[in-house]
Amino acid sequence: MLNVKVYDGKITDNFNIAEFACKGGGEVLLNRETIDHICRLQRFRNWFNRPMTINSGYRTAAYNAKVGGAKNSMHVQGIATDFALPNEFYTFSKERQEQFLQNVKKKWFEICAADGLGGGVGFYKTFIHLDSRTGKSAHWDGR
Numbered sequence: 001m002l003n004v005k006v007y008d009g010k011i012t013d014n015f016n017i018a019e020f021a022c023k024g025g026g027e028v029l030l031n032r033e034t035i036d037h038i039c040r041l042q043r044f045r046n047w048f049n050r051p052m053t054i055n056s057g058y059r060t061a062a063y064n065a066k067v068g069g070a071k072n073s074m075h076v077q078g079i080a081t082d083f084a085l086p087n088e089f090y091t092f093s094k095e096r097q098e099q100f101l102q103n104v105k106k107k108w109f110e111i112c113a114a115d116g117l118g119g120g121v122g123f124y125k126t127f128i129h130l131d132s133r134t135g136k137s138a139h140w141d142g143r
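The opening residue of the sequence shown carries number 1 in this note's numbering; numbering runs sequentially from there.
Okay, the calculated beta carbon distance ranges per label pair: (1) C39 / N103: 18 to 28 Å; (2) E95 / N49: 20 to 30 Å; (3) A61 / K94: 36 to 46 Å; (4) E95 / N31: 39 to 49 Å; (5) E98 / G118: 20 to 30 Å; (6) A62 / K94: 35 to 45 Å.
Straight-line C-alpha distance at most 27 Å; calculated BS3-like pairs for lysine-lysine: (7) K107 / K136; (8) K105 / K136; (9) K10 / K23; (10) K71 / K105.
It should be emphasised that the hints constitute simulated quantities derived from the structure, not laboratory data.
Just so you know, these numbers come straight off a predicted model, no measurement behind them.
Cβ atoms here follow ideal geometry from the backbone N, Cα and C, with glycine treated the same way.
Can you make the complete structure from the sequences, with help from the hints?
Encoded structure:
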């Protein structure tokens, strides 16, 4: 008897593996670390309480180099995600924007710490980078 299960790509309530496929050819990295990262993103999404448009998930080494990604990018390991800032962000005062970003950073570090990770958070003009790095946490502002 052949036991076949159909997989629709849904990883969590709000995320599908296709959202994390490499934009340079559609490759997908699906391993324990990737799934754990996406589950952390779901916990973040539950707190964030708004849709998250994924700009970049997994990247092959070749595609990462093509887009100018960091040499040791967490994207190549499948444990980094860039998502677009929500439209409402652009209506906030500068003070409120900074508060919003600091809240994001604090929450991601809390989620990662609960799993024994440092985590990484990067701010950019139009998106936020979150990663599930081990060791010491990292934060940068690329705006």
